[in-house]
Amino acid sequence: MAVILVLDDSATMVMSLTHILKGAGYDVETGMNGREGITKLTDGVKPSVILTDLNMPELDGIGFIKEARKIASTKFTPIIVLTTESGGRKRDEARAAGASGWLTKPAEPNQLLSVVKQLCPSK
Amino acid sequence: MSGSTEANERVVCAILAEQVAALRDRMDAANTFDLLWRTTALLSWLSGLLNDLSTQQPSPNPVLERERAEAVAEIVEIRRALDELAFFQAQRQDFAKQIADCVVTALERMAIAEMPPGTSFSSGDLAELYVSKDQRELHDAVMRRLST
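Sequence lines, in order, name chains A and B. Sequential numbering of the first sequence, starting at 1, is according to the numbering used here. Sequential numbering of the second sequence, starting at 1, is according to the numbering used here.
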């Protein structure tokens with residue numbers, strides 16, 4: 001079963017995303033900030049897709065993407081930024097760091113699942 | 001501005017920061033979301049159960065079978081709508097908390113007693129705290145209104 005790594009500092013958002021993704025048949029790993037995300041990756045979690053917020057404490061989304069791209073197993077893993085930010089500057093910054101795509105909140109469950117499905121069709 | 005006026009304003013900012021922080025903490029609706037998700041899980045289970053019961057009937061009653069199919073279709077639709085509602089509300093709550101975080105941070109900075117006399121917290125300083133386009137657009141609208 002495909003694993004999705006979800007990173008968001010809002011517990012409600014993490015629970016909500018987990019519910020939507022598990023309901024669609026994905027396994028979900030979670031973290032409350034970028035640092036926890038990196039720990040998951042270095043501990044051996046191999047997600048098919050990573051969903052990350054941008055504004056998080058300790059290590060934000062951009063920092064997480066930069067560090068994740070240095071880890072061999074996630075060098076090419078699709079990373080989708082899910083955030084309230086829709087500004088061009090932040091988007092460019094995320095893309096430069098290695099983000100694969102962008103979803104602006106509020107997103108619809110189907111929109112989210114459609115993107116995830118496209119990125120790991122072999123679920 | 002006199003020293004005592006500045007001191008009073010800092011006290012007001014400190015109190016307002018605490019009040020907005022308390023308001024932000026009350027926004028937590030985890031119990032509501034938990035109930036919504038449990039409801040959708042229960043609906044899933046019920047529709048599966050109805051299907052299982054139907055397949056175990058050697059000679060199903062056509063009327064009951066039609067009603068079962070209608071009930072399952074309705075359950076699926078309600079589950080989809082509840083999932084969507086919960087997801088939207090979670091995102092809205094997250095957004096509202098981010099705005100409250102921004103106000104709390106701004107008020108806390110304005111309340112710092114050690115700030116050198118005459119130092120102000122500018123609208124530009126405030127804009128540095130934003131985390132969404134909506135906040136920036138609101139900021140710009142207020143700035144335009146105040147400048148006319």
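Bear in mind the hints are in silico, worked out from the structure with no lab data behind them. Heads up, some of the hints might be wrong.
Stated by the list, open to error - Below, simulated DSSO-like cross-link-like pairs (lysine-lysine); rule was C-alpha separation at most 27 Å, straight line:
| hint | chain 1 | residue 1 | chain 2 | residue 2 |
| --- | --- | --- | --- | --- |
| 1 | A | K22 | A | K117 |
| 2 | A | K70 | A | K46 |
| 3 | A | K22 | B | K133 |
| 4 | A | K70 | B | K97 |
| 5 | A | K46 | B | K97 |
| 6 | A | K22 | A | K46 |
| 7 | A | K70 | A | K117 |
| 8 | A | K66 | A | K90 |
| 9 | A | K40 | A | K66 |
| 10 | B | K133 | A | K40 |
| 11 | A | K90 | A | K117 |
| 12 | A | K46 | A | K117 |
Unchecked claim - A few chain B residues that face chain A, going by a derived Cβ cut-off under 10 Å, partial list only:
| hint | residue |
| --- | --- |
| 13 | N8 |
| 14 | E18 |
| 15 | Q19 |
| 16 | D25 |
| 17 | F33 |
| 18 | T40 |
| 19 | A73 |
| 20 | A86 |
| 21 | R92 |
| 22 | K97 |
| 23 | A100 |
| 24 | E128 |
| 25 | Y130 |
From the three backbone atoms N, C-alpha and C, an ideal C-beta is built for every residue, glycine too.
These are the hints, each one checked on the structure:
For the given pair, K22/A sits about 13 Å from K117/A by alpha-carbon distance, which is consistent with the 27 Å threshold. Between K70/A and K46/A the alpha-carbon distance is near 14 Å, which keeps this suggested pair within the 27 Å criterion. As the CA atoms of K22/A and K133/B are separated by approximately 30 Å, the hinted pair breaks the 27 Å bound. Only pairs whose Cα atoms come within 27 Å are accepted, and K70/A paired with K97/B is rejected, the gap being roughly 32 Å.
For the proposed pair K46/A and K97/B, the alpha carbon gap of about 31 Å is over 27 Å, so the pair is violated. With a C-alpha separation of about 17 Å, the suggested pair K22/A and K46/A falls inside the 27 Å cut-off, and the hint holds. Using a Cα cut-off of 27 Å, the hinted pair K70/A and K117/A holds, with the two alpha carbons roughly 25 Å apart. This hinted pair checks out: K66/A and K90/A have alpha carbons roughly 14 Å apart, not beyond 27 Å.
Of the pairs offered as hints, the one joining K40/A and K66/A holds, with about 15 Å between alpha carbons and a cut-off of 27 Å not exceeded. Distance hint between K133/B and K40/A is unfulfilled; the C-alpha atoms sit about 31 Å from each other, more than 27 Å. Between K90/A and K117/A the alpha-carbon distance is near 25 Å, which keeps this suggested pair within the 27 Å criterion. Distance check on the hinted pair: K46/A and K117/A sit about 17 Å apart at the alpha-carbon level, within 27 Å; holds.
A distance limit of 10 Å between C-beta atoms decides the matter here; for N8/B the minimum to chain A is near 32 Å, and the interface restraint is violated. For E18/B, the suggested interface contact is broken, since its CB lies about 20 Å from the closest CB of chain A, more than 10 Å. Hint status for Q19/B relative to chain A: violated, with the closest Cβ pair at about 22 Å, above 10 Å. Hint status for D25/B relative to chain A: violated, with the closest Cβ pair at about 13 Å, above 10 Å.
Of the supplied interface hints, the one on F33/B holds, with its beta-carbon coming within about 6 Å of a beta-carbon of chain A, less than 10 Å. Here the hint on T40/B is kept, as its CB sits about 8 Å from the closest CB of chain A, short of 10 Å. For A73/B, the shortest C-beta to C-beta distance to chain A is roughly 18 Å, which exceeds 10 Å, and the interface hint is violated. At about 6 Å, the closest approach between the beta carbon of A86/B and any beta carbon in chain A falls short of 10 Å, and the interface hint on this residue holds.
Checking R92/B against chain A: minimum C-beta separation of about 7 Å stays under 10 Å; hint holds. The interface hint given for K97/B is met, as the beta carbon of that residue sits about 7 Å from the closest beta carbon of chain A, less than 10 Å. Taking 10 Å as the C-beta contact cut-off toward chain A, the hint placing A100/B at the interface is violated, the least distance being around 12 Å. With its C-beta approaching chain A no nearer than about 13 Å, E128/B sits outside the 10 Å limit, and its interface hint is violated.
Residue-level restraint check for Y130/B holds (minimum Cβ-Cβ distance to chain A is 9 Å; threshold 10 Å).
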